[in-house]
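2 protein chains.
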Amino acid sequence: MITIALHDYPIYVGSCLDRIREWAAADRYSQVFVFVDSNTRQYCLPALEPFLDAGRYTVVEIAAGEAHKNINTCQQIWNTLMYFQMDRSALVLNLGGGVLGDMGGFCASTFKRGVDFIQIPTTLLAQVDASIGGKLGIDYGQVKNSIGLFRNPRAVLADPVFFQTLPPRELRSGFAEVIKHSLIASREQWEHIVSITDLATVDWPTLVAPSLEIKRDIVAKDPFEKGLRKALNFGHTIGHALESQALETTEPLLHGEAIAAGMICEAFLSQQKLGLPEAELDQISQFLVRMYQPGVVAEEQSDHLIALMQNDKKNRGSAINFSLLPSIGSVEVDQTCTREQILESLRYLHACRS
Amino acid sequence: MITIALHDYPIYVGSCLDRIREWAAADRYSQVFVFVDSNTRQYCLPALEPFLDAGRYTVVEIAAGEAHKNINTCQQIWNTLMYFQMDRSALVLNLGGGVLGDMGGFCASTFKRGVDFIQIPTTLLAQVDASIGGKLGIDYGQVKNSIGLFRNPRAVLADPVFFQTLPPRELRSGFAEVIKHSLIASREQWEHIVSITDLATVDWPTLVAPSLEIKRDIVAKDPFEKGLRKALNFGHTIGHALESQALETTEPLLHGEAIAAGMICEAFLSQQKLGLPEAELDQISQFLVRMYQPGVVAEEQSDHLIALMQNDKKNRGSAINFSLLPSIGSVEVDQTCTREQILESLRYLHACRS
Numbered sequence: 010m011i012t013i014a015l016h017d018y019p020i021y022v023g024s025c026l027d028r029i030r031e032w033a034a035a036d037r038y039s040q041v042f043v044f045v046d047s048n049t050r051q052y053c054l055p056a057l058e059p060f061l062d063a064g065r066y067t068v069v070e071i072a073a074g075e076a077h078k079n080i081n082t083c084q085q086i087w088n089t090l091m092y093f094q095m096d097r098s099a100l101v102l103n104l105g106g107g108v109l110g111d112m113g114g115f116c117a118s119t120f121k122r123g124v125d126f127i128q129i130p131t132t133l134l135a136q137v138d139a140s141i142g143g144k145l146g147i148d149y150g151q152v153k154n155s156i157g158l159f160r161n162p163r164a165v166l167a168d169p170v171f172f173q174t175l176p177p178r179e180l181r182s183g184f185a186e187v188i189k190h191s192l193i194a195s196r197e198q199w200e201h202i203v204s205i206t207d208l209a210t211v212d213w214p215t216l217v218a219p220s221l222e223i224k225r226d227i228v229a230k231d232p233f234e235k236g237l238r239k240a241l242n243f244g245h246t247i248g249h250a251l252e253s254q255a256l257e258t259t260e261p262l263l264h265g266e267a268i269a270a271g272m273i274c275e276a277f278l279s280q281q282k283l284g285l286p287e288a289e290l291d292q293i294s295q296f297l298v299r300m301y302q303p304g305v306v307a308e309e310q311s312d313h314l315i316a317l318m319q320n321d322k323k324n325r326g327s328a329i330n331f332s333l334l335p336s337i338g339s340v341e342v343d344q345t346c347t348r349e350q351i352l353e354s355l356r357y358l359h360a361c362r363s
Numbered sequence: 010m011i012t013i014a015l016h017d018y019p020i021y022v023g024s025c026l027d028r029i030r031e032w033a034a035a036d037r038y039s040q041v042f043v044f045v046d047s048n049t050r051q052y053c054l055p056a057l058e059p060f061l062d063a064g065r066y067t068v069v070e071i072a073a074g075e076a077h078k079n080i081n082t083c084q085q086i087w088n089t090l091m092y093f094q095m096d097r098s099a100l101v102l103n104l105g106g107g108v109l110g111d112m113g114g115f116c117a118s119t120f121k122r123g124v125d126f127i128q129i130p131t132t133l134l135a136q137v138d139a140s141i142g143g144k145l146g147i148d149y150g151q152v153k154n155s156i157g158l159f160r161n162p163r164a165v166l167a168d169p170v171f172f173q174t175l176p177p178r179e180l181r182s183g184f185a186e187v188i189k190h191s192l193i194a195s196r197e198q199w200e201h202i203v204s205i206t207d208l209a210t211v212d213w214p215t216l217v218a219p220s221l222e223i224k225r226d227i228v229a230k231d232p233f234e235k236g237l238r239k240a241l242n243f244g245h246t247i248g249h250a251l252e253s254q255a256l257e258t259t260e261p262l263l264h265g266e267a268i269a270a271g272m273i274c275e276a277f278l279s280q281q282k283l284g285l286p287e288a289e290l291d292q293i294s295q296f297l298v299r300m301y302q303p304g305v306v307a308e309e310q311s312d313h314l315i316a317l318m319q320n321d322k323k324n325r326g327s328a329i330n331f332s333l334l335p336s337i338g339s340v341e342v343d344q345t346c347t348r349e350q351i352l353e354s355l356r357y358l359h360a361c362r363s
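Which chain is which? The protein sequence lines are A and B, in order.
According to the working numbering, the stretch in the first sequence is residues 10 to 363, in order.
According to the working numbering, the stretch in the second sequence is residues 10 to 363, in order.
Among these hints, one or two may not hold up.
What the hints assert, rightly or not - Between beta-carbon pairs, the in silico distance windows are:
#1 B:Gln151 - A:Gln310: 55 to 61 Å
#2 B:Val305 - A:Arg163: 42 to 48 Å
#3 A:Thr67 - B:Asp231: 25 to 31 Å
#4 A:Glu260 - B:Arg178: 55 to 61 Å
#5 A:Glu58 - B:Glu257: 36 to 42 Å
#6 B:Pro59 - A:Gln85: 42 to 48 Å
#7 A:Met10 - B:Pro286: 57 to 63 Å
#8 A:Glu31 - B:Val203: 32 to 38 Å
#9 A:Glu58 - B:Ala14: 36 to 42 Å
#10 A:Thr12 - B:Gly74: 48 to 54 Å
#11 A:Arg348 - B:Asp36: 35 to 41 Å
#12 A:Phe233 - B:Gly74: 29 to 35 Å
#13 A:Gly150 - B:Thr259: 33 to 39 Å
Worth flagging that the hints you see were computed from the coordinates, not collected in a lab.
From the three backbone atoms N, C-alpha and C, an ideal C-beta is built for every residue, glycine too.
Based on the provided sequences and hints, a complete structural model is requested.
Written out as structure tokens, the structure is:
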């Protein structure tokens, strides 16, 4: 087990579920609530329960999936907590992927103005993306994560035991964030990653821990996303818009799939705006195309996509903000691109696929 | 004008509306939103507008009154902010009483994970109660302030100019918090207060500033209400329950009216549990009865009242928590009372009235 010590909480990476015992049995907590969805109740809760005191915890099941990450589900959660008379000395364990962690953390942080919570991310994506940064929230008005707040958990347990129960497509989605971290901050990790051909044989903690260290170093310098932290948005301006758009269809994209496509577009923009070397652009887009086989963006959807980008949280006024790569392993924030450049990057994505 | 400098923001007390000019015109803000209700739009906004740049601000009107301090109104506010494409570099000015400040602050703090806001409390209650402590939120599931968070504003402007437009009943309600601050921390201010007979002739800034200093000193030692800050709950355990109960009727109580009745009950409990001298109990209850003429609590409502107390945020488990006075000017937290003692205090309230 590797411990990554953050300023105000620890992240345990590796086989670490036994760590929950000391928290869940602590005298200072009056009650323990375990938030699960139908999947994690079935596949993940059995691995956690041996470390909880029988009779001292309450399981709260939350509807699974991004489509339920909304204010209505929050109200159901708050109602349940009211029903169980949860008090401010309670502890919440969020056992699930990003949706459950974001929404469960948001509900815990706003119930009676906030109770302690621990994140137990069960997907690779949640382990590398949601363990650091304290971002909590829900989708609102068709815009991802548009209602929420920043608040840190008491601890994060990132145990790969859960990956055994994860569909391969989910694992691959999470891998996109690991790729992103290497592209913005570590050429060394990128060289390692680009050699991977089969995700089933990866030793995850050795990839997850350095990925978290990259994120930790960036977030520590900018806890409330006022500046430098935007570095983490590489691939996300276009990726988020693709994801929001897919939400409106019958074929939603997983977050990492959308970000992979976004990284191809934004690597192209990096080459146009910051002179990312052609060979590096090729290597990035070839690897991402091979790994993710991104879908087509129809020309007629472009306007709607750009409108979604304009409503992104990170923008100031009407300009669309990007974080782009001058070269692999480094990043520059606050890059704005014209509408025509963005359209061109979508055409590049299209061309890459063939 | 008196400036009370807190750790991370200033409170201006007195004639200070011109202070808004520097904030609202700051380059770092992309947009300015003024949240008002129908009352403050009519009576207070005209006093503020001369200090705002014409054409650079958007007025958002929110339904007035505690009955609207709920998640549905939040959704209307968020929808409006989405419509105006508010970004994270926006500034929100909350121009109103406690309801507007709590709910407007909550919506601003959760929109795109939080934008800056300034509180411009227009009632005495909001000036002394909501200016310090960062408590934001809404009522939920019949329980006051049960959904919310802690977050500080960038500044508070506590200008008595607005009191001219306040109904006398509102002014008297706010006065209850001023009384509470004196009872828990300053016998000197209590001696001054107990001599007041006519609220129309009070020089408010000279009462508001020391009241805020008392609250500042308590909150500074306990920003997240884990311990000492409970001192501020004197009168509030029973007062909140009375207020919640009245919410369900056609005759809602103003916050300070409920707290005044709560303080009479809890002064009685203070005498029972901590030996508050009989003469001080008499002085407190006589002054509060004269000032507030509290209503009757029917014997058959007591069970429901106690159930409401049990669901109070400050409780741990099922015990009901009080902050009580060993003598005027001092307070002890974490006092628990039995059901019978609470019933007895309600009978005392009843007896005081006759």
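Hints, one by one, checked against the model:
Judged by the Cβ atoms, the range 55 to 61 Å given for Gln151 (chain B) and Gln310 (chain A) is violated: they are separated by roughly 45 Å. For Val305 (chain B) and Arg163 (chain A), the Cβ-Cβ distance of about 46 Å falls inside the hinted range of 42 to 48 Å, so the restraint holds. In this structure, Thr67 (chain A) and Asp231 (chain B) meet the distance hint of 25 to 31 Å, their C-beta atoms being roughly 28 Å apart. For the pair Glu260 (chain A) and Arg178 (chain B), the beta carbons lie near 59 Å from each other, so the given range of 55 to 61 Å is met.
For Glu58 (chain A) and Glu257 (chain B), the Cβ-Cβ distance of about 40 Å falls inside the hinted range of 36 to 42 Å, so the restraint holds. Between Pro59 (chain B) and Gln85 (chain A) the C-beta distance comes to about 46 Å, which sits within the given range of 42 to 48 Å. For Met10 (chain A) and Pro286 (chain B), the Cβ-Cβ distance of about 59 Å falls inside the hinted range of 57 to 63 Å, so the restraint holds. Between Glu31 (chain A) and Val203 (chain B) the C-beta distance comes to about 52 Å, which lies outside the given range of 32 to 38 Å.
Between Glu58 (chain A) and Ala14 (chain B) the beta carbons are some 51 Å apart, a value that contradicts the proposed interval 36 to 42 Å. Distance hint check for Thr12 (chain A) and Gly74 (chain B): the Cβ-Cβ separation is about 51 Å, which falls inside the suggested range of 48 to 54 Å. Hint check: Arg348 (chain A) to Asp36 (chain B), Cβ distance near 26 Å, so the stated range 35 to 41 Å is violated. Checked against the given bound of 29 to 35 Å, the beta carbons of Phe233 (chain A) and Gly74 (chain B), roughly 33 Å apart, stay inside it.
In this structure the hint that Gly150 (chain A) and Thr259 (chain B) lie 33 to 39 Å apart at CB holds, the actual value being about 35 Å.
Violation of the numbered hints given earlier is confined to hints 1, 8, 9 and 11; the remaining hints are satisfied by the structure.
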